[in-house]
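Engineer: Given next are the chains, with one letter for each unit.
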Amino acid sequence: MKKDFEKFQSFKKFPAIYKSLDEISLVVRSACLASEFDEEAIYLILLSVSEACSNIIEHAYRFLPEGYIELGIALDQNSITILLRDGGKAFDPLTIPPPNIHTNIDERAIGGLGLYFIRNFMDEVLFFSVSESESMETGIPAGNFILMTKRKGNGK
Amino acid sequence: MEISHLDYKHCEVFTVVGRVDSFSAPRLAQALADSTSQNRFNLILDLGKVDYVSSAGLRVLIDVQKTCKYTGRGEIVLVGVPKRIFETLELAGFVSLFKFFDDLTTAVAHF
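As they're listed, the protein sequences go chains A and B.
Quick note: my numbering has the first sequence finishing at residue 156, numbered continuously throughout.
Quick note: my numbering has the second sequence finishing at residue 1111, numbered continuously throughout.
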């Protein structure tokens, strides 16, 4: 697993505030362009990253301004993987029910839509947490991780 | 994200440029609430120059639509929605909750 972790380049930490979304988006966009992703894929990747960061700010940190989001990017010829790490409350995606997208407007709630988008837009999504003791054993930093992979040209 | 606002006789037009995400969505919400709080419920949102609308932006659209429909005196309609954003709205099941127009003239004529 540590070996997998080492493929990530350009780790950068941002304050866990909405204002960071612009800069995070710029970093991811430039990596996507360097890797020759098309605009359609870039749109889906940036929207997913925005949703994931918003979830971290809102749910992991509950808007505590001292939180951080660490961004890592791994590129190969056919895919990009975005890593986001935070030090907030661990997130279990299984506790988030899928949104009911078929109700009328009066009953419509927006909760869970961000995660729903991420799962629809990215090809692989992985959530996990590393405790302090696991971090000592593995050398992987402690925190909550989301890994999102997008492959080129699969039409998703 | 930038928002410009034009008052017409029967409706108000908001033109948005850039990204509507968690950072910028509150400004869009405020701009639209400024109108609804003055009992103006015929709203047109031009999204032709928008890069993306995140779930935070969708929340704003739904909240405003609820406000407008609740009064029974208007609605918010969407203009020039780029294909990618339309697909996102479709995925969220929002398409049936809004009217869509290709151009501003047709949307203004709707009210």
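These are computed hints drawn from the structure, not numbers from a lab.
Glycine is no exception: its CB is placed at the ideal position from the N, C-alpha and C atoms.
Any given hint could be a false lead.
So these bits of chain A aren't anywhere near chain B, every CB distance computed over 10 Å [stated by the list, open to error]:
#1 Lys7
#2 Leu21
#3 Ile101
#4 Arg108
#5 Gly114
#6 Leu126
#7 Ser135
#8 Glu137
#9 Ala142
#10 Asn144
Which stretches of chain B does chain A cover? Using the computed rule of at least three CB atoms under 8 Å from a CB of chain A, they are [unchecked claim]:
#11 1001 to 1012
#12 1017 to 1023
#13 1042 to 1055
#14 1059 to 1069
Engineer: So, for every hint listed, does it hold in this structure?
Structural biologist: Verification of the hints:
1. Remark: the non-interface label on A/Lys7 is consistent with the geometry, its nearest Cβ contact in chain B lying 28 Å away (cut-off 10 Å).
2. With a closest Cβ-Cβ approach of about 5 Å to chain B, A/Leu21 is found to fall inside the 10 Å limit, against its non-interface label.
3. With a cut of 10 Å on Cβ distances, A/Ile101 falls inside the contact zone with chain B, its closest approach being about 3 Å.
4. With a minimum CB-CB distance of about 6 Å to chain B, A/Arg108 fails to clear the 10 Å threshold, and the non-interface call is violated.
5. A beta-carbon of chain B comes within 10 Å of the beta-carbon of A/Gly114; the shortest separation is about 4 Å.
6. The non-interface label for A/Leu126 is consistent with chain B: the shortest C-beta to C-beta separation is roughly 20 Å, beyond 10 Å.
7. Residue-level check passed: A/Ser135 sits 29 Å from the nearest beta carbon of chain B, beyond 10 Å.
8. For A/Glu137, the non-interface assignment is confirmed: its Cβ lies about 35 Å from the closest Cβ of chain B, beyond the 10 Å cut-off.
9. Against the 10 Å criterion, A/Ala142 stays outside the reach of chain B, whose nearest CB is about 26 Å from its own CB.
10. With a minimum CB-CB distance of about 18 Å to chain B, A/Asn144 clears the 10 Å threshold, and the non-interface call stands.
11. Here's how the stretch 1001 to 1012 of chain B fares: 0 of its residues keep a CB closer than 8 Å to some CB of chain A, so the rule of at least three is not met and the hint is violated.
12. Here the stretch 1017 to 1023 of chain B counts 4 residues with a CB under 8 Å from a CB of chain A, which clears the bar of 3, and the coverage holds.
13. Chain A is given as covering the stretch 1042 to 1055 of chain B, and this holds because 4 residues of the stretch bring a CB closer than 8 Å to a CB of that chain, at least three being needed.
14. Residues of the stretch 1059 to 1069 of chain B with a Cβ under 8 Å from some Cβ of chain A number 5, which satisfies the need for three, so the listed coverage holds.
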